[in-house]
Amino acid sequence: MADIDVGLMRGTLDLLILKALTWGPRHGYGVVDWIEQATGEALLVGEGTLYPALHRLEAQGWIEAEWGLSENNRHAKFYRLTATGRAQLRTGLSAWQQFVEAASRALHTTATPRTA
Amino acid sequence: MSERGDWTRVFRLGVGAKHIERDIDQELEFHIAMRTQRLVAAGLAPEAARAKALECFGDLRTVRDSCLDIDHQRERTMRRTNHVSNLRQDIAYALRSMRQNLGFTAVVLLTLALGIGANTSTFTLIDALVLRPLPVPHPERLVTIGNPARTGGLSEGTPRNDIVSYPVFADVRAQSKLLSGIYATGRASRLDMLADDAQKEPEHPRGRYVSANFFSVLQVPTALGRTFASDEDRAPGGAPVIVISHAYWLTRFGGDRSVIGRSVRLNGVPLTIIGVTPSWFTGDIVGQRNDVWIPIMEQPALMPNSPALTDRNTSWILMMGRLAPGATVAQARSELTTLENRSLIENAKGNERVSVENNVRETPPQVEPGARGFSYYRHLLAGPLFILMAAVVIVLLIVCANLANLMLARASARGREMSVRMALGANRARLVQQLLTESLMLALAGGTLGVLLAIWGSSALIALTGGAQVEAKLDARVLGFTAALSLATALLFGLVPALRGTRVELAAALRAQGRGVSNAERGTGKFGLGKMLVVAQVALSVLLLVGTGMLVRSMQRLQTTDIGVARDRLVLVEVDAERAGYKGARLLNLMRQLIARANETPGVAAATLSENGIFSGTESGTNVRVEGFTAQTDADSNLAYDDVAPGYFHTVGARIIQGRDFEARDNESGAKVAVLNQTAARFFFPRGGALGAHISSDSSTYEIVGVAADVEEQDLRAQPSRRLYVSSFQIPETPGHFSLEVRTAGDPNALGESLRRSLATVDPSLSLHVESLTDLIQESISQDKLVARVVSVFGILALALAALGLYGVMTYATTRRTSEFGLRMALGADPGSVLRLVLGEAMLLVAGGVMVGMPAALGAMQLVRHQLYEIGLLDWPSIFVALLVLSASAALAGYVPARRAARVGPLVALQDA
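Residue numbers (the numbering used here), protein chains in the order written: chain H, 13 to 128; chain G, 171 to 1083.
Any given hint might turn out to be false.
[Said to hold, decoys possible] Here are the simulated distance ranges between beta carbons:
1. G:E191 / H:A107: 14 to 22 Å
2. G:D229 / H:T34: 26 to 34 Å
3. H:W79 / G:R986: 38 to 46 Å
4. G:G273 / H:W79: 18 to 26 Å
5. H:W79 / G:D229: 20 to 28 Å
6. G:A262 / H:A107: 36 to 44 Å
7. G:D239 / H:H87: 42 to 50 Å
8. G:R266 / H:A107: 39 to 47 Å
9. G:D239 / H:A107: 22 to 30 Å
10. G:P216 / H:T96: 18 to 26 Å
11. H:T96 / G:Q243: 15 to 23 Å
12. G:L997 / H:W79: 57 to 65 Å
13. G:F274 / H:A107: 34 to 42 Å
14. G:D239 / H:T34: 21 to 29 Å
[Unchecked claim] Which stretches of chain G does chain H cover? Using the computed rule of at least three CB atoms under 8 Å from a CB of chain H, they are:
15. 204-216
16. 974-986
Since the hints were derived computationally from the structure, they do not count as laboratory data.
Since this is a predicted model, take the numbers as computed values, not measurements.
No residue lacks a Cβ here, since even glycine has one placed at the ideal position from N, Cα and C.
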């Protein structure tokens, strides 16, 4: 199975992170885990891009962090969605929808483009 | 998970660079660990699993760095917005607490306004007179030559260098290379101005004669018209023009622009107004208004009988120069000293030469930075003003101590609030900042009120200076001073209470129900901060009260001291017969007529005249040779001098110790006679035998026929100088300026106008100026009165504030100890003993303050002793009164809370506990 470079799709990772947090606070590992499971391991998120993205979203005020205890009783940094983050997710989703439809129309078209 | 809005504030993640790094490392470590755990679960060996996890992660360092970047950036923005929102929160909080305690706020603002207002008022005056440079381009390049305080000086006799003659100025100006320009300025004595032909009574603008380069050296343009042209300096009478000041243009000419080109008559001479100065330029004499500037070449026309432009013995000119590029004041000083000394010495005639040489060697000409211009009032008032400044600073310190105590009491009342907030995670710095914000707002509001108060205060102060004309401008300098002062005040009264108030012992505070227990409360302990502040207040009050006492007593002595004449009964009439053209025999005749006419005026007991008058501000000196006396130094043969009319000593009320007064026979044809004062007689004739000896001055020889008691002629503080009196009718050239001394039977002030009218009948064209000696003396001690009055006001203010502080602290302390008193009384103590206990504690504080304040007061008085007149350094009456007043106020302030304590019923007190 080929890994698709999610980073290519601008904003996709952000949306996935926000989505991952809609069911409650998660730590970074949990976010990776969720994405892998939710996409049926079709998308593998590199940690190298995930953590900077988390910190960036925190700086933007879309998510908040706090230290808490993980399921195996370890100190972990939990992220949760803020009200702004929730709103961003909503607008992001509809934009994503439009993007996918447009891109897919283009990718699946059989007609040759008319040249001027 | 809580959704409350303050969730982040209380449980925020750690802040600061260290926290950020640690958090990121922990977060990433957690990720690796989770991954490793899963791989182990999948069957890998732990080491291999961790290696695999790390490999999966990729470049850990890069991830870490980019996370760090993002977090640091975020931290910075957060801190910035936090500051702004904290400040907004603090201000809102402060406003709320100010509104909640309106009484407290009012007291604080009022005392602050008084303290800061007094400081601003005094600073306004000091700035205007002492600190501020002239409003001209590059004032730092100006130098003054001569004594800058002698703005109205005129001396006839041996050439001088504190003020100089016109020929000396001309020599120096022609030869100086280090100055790009030097101008001359001299006071114009009384000017009679008629603005148009319709005007009957002349008015008397204040004027100065200046060389034509006056405006060009100062680099001052005109607002209207032109300044003097350089050729208006060539020949006497060649420049019949004047420039008038902006203020005079507005008040006298109603701001009429057509005034340029208009002709006015000054002393009868038609002069054309060619210019009006800009409003920001009030002249080069600080503290004195000037209305007209007249080219010095017009002086002979306006004063036809005064040779002030040609005579080297008439010194009346001050000089101001502008340094040439690259030249320094020190270089200019050495050049000007050389030039001026040469001009003085080479032109000195006969035996004058030796004394001129000695004079310039002993005191070379004063050449100083001239940025602040000339000023008589600066010289006069700088000392008193700095005493005032010290007094108002003390008042402000007392205000600060008072407020600090109030804030301390409040902080301790809010102890529980502070404890709770700190228990909830607010950090101490944050709380201190909040309390300081409150102090700062109070101080700034107080400062604003203070500025408003200073608008009134500085004009009141100026009015009290008796004559100085200073514009009390509240400009950027003054406002800057006030702002800095308010800031310092806020720190002074706010910082310690804020630190104390937030040093809370959490457990103890939370345990105590309903009451805050903070360290602030310890301020009421034996040596607590609150009590120390009261001691400081008392000490400062002692300082101010003792000072007040001594200054007031010094002023009273000045007002009542025996100056050797009948000070309450004398009227002086300044006569200018010179301008009316009197000289020689005609002048002597006029003098006799005036004395006779004065004697005929009802209410006059006796009349005489003298050249210089008493407390008139003019003084003459001469060199003499005394029979039987050998002068050791040049100064030995120098003494003060006056020429007087018959009956002089009898009329002014001075005692003749030996021999006789001047009589009618001491006239033009009589034998030349002289009278010495006692100081001169003792100096020249230490073994007696003055009577009958001969004294020579100005090529005339006189026989000494009398010795008179010393008279303080010009200055109450100065030691009486050696003085020689001769007859006005027996000297070579009797001056046309003189002063009639008239002793009255009743109130001298009531006689003034009738005397003037009666004298005017002798010759209506005479210029007469009547003033009582009391007024003249009052004028001469006006700065003493200023200091004594104003310092008294501040002394009373200080006392009231200190009493208030003591009252506050004692009330607070007794309230806290209610249960103790209750217990004491339950155990049998009577109310009297409780009263004594509390009062005793109050008096202990006062005693502590006195012990600190007394040495300080004595030290301070040592510093200002030159301001005191006939007051010893240990002035017991002042000290006694100060301590009495202080103890009485303190007893009153302590009595009220003490009585309240004594009234506490045992039961109430114990229930309360």
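Evaluation of the provided hints:
1. Evaluation of the 14 to 22 Å hint for E191 (chain G) and A107 (chain H) yields a failure: the beta carbon distance comes to about 36 Å.
2. A C-beta distance of roughly 30 Å is found between D229 (chain G) and T34 (chain H), which places it inside the suggested range of 26 to 34 Å.
3. For W79 (chain H) paired with R986 (chain G), a C-beta distance near 44 Å keeps the hint of 38 to 46 Å intact.
4. Separation of G273 (chain G) from W79 (chain H) is about 48 Å and departs from the stated range, judged on CB atoms against 18 to 26 Å.
5. Range check, W79 (chain H) to D229 (chain G): about 25 Å between beta-carbon atoms, so the 20 to 28 Å window is met.
6. A262 (chain G) and A107 (chain H) have their C-beta atoms about 40 Å apart, which keeps the hinted 36 to 44 Å range intact.
7. The beta-carbon spacing between D239 (chain G) and H87 (chain H), approximately 24 Å, falls outside the hinted interval of 42 to 50 Å.
8. The beta-carbon spacing between R266 (chain G) and A107 (chain H), approximately 45 Å, falls within the hinted interval of 39 to 47 Å.
9. Evaluation of the 22 to 30 Å hint for D239 (chain G) and A107 (chain H) yields a pass: the beta carbon distance comes to about 27 Å.
10. At roughly 42 Å, the beta-carbon separation of P216 (chain G) and T96 (chain H) lies outside the given 18 to 26 Å, and the hint is violated.
11. At about 18 Å, the beta-carbon gap between T96 (chain H) and Q243 (chain G) stays in the expected band of 15 to 23 Å.
12. Checking the proposed 57 to 65 Å range against L997 (chain G) and W79 (chain H) shows it holds: the Cβ atoms sit about 58 Å from each other.
13. At roughly 58 Å, the beta carbons of F274 (chain G) and A107 (chain H) sit outside the given window of 34 to 42 Å.
14. The hint said 21 to 29 Å for the Cβ distance between D239 (chain G) and T34 (chain H), and at roughly 28 Å that hint holds.
15. Counting residues of the stretch 204-216 of chain G whose beta carbon lies closer than 8 Å to any beta carbon of chain H gives 3, which reaches the threshold of three, so the coverage claim holds.
16. Residues of the stretch 974-986 of chain G lying with their CB closer than 8 Å to a CB of chain H number 0, which falls below the three-residue condition for coverage.
Violation of the numbered hints given earlier is confined to hints 1, 4, 7, 10, 13 and 16; the remaining hints are satisfied by the structure.
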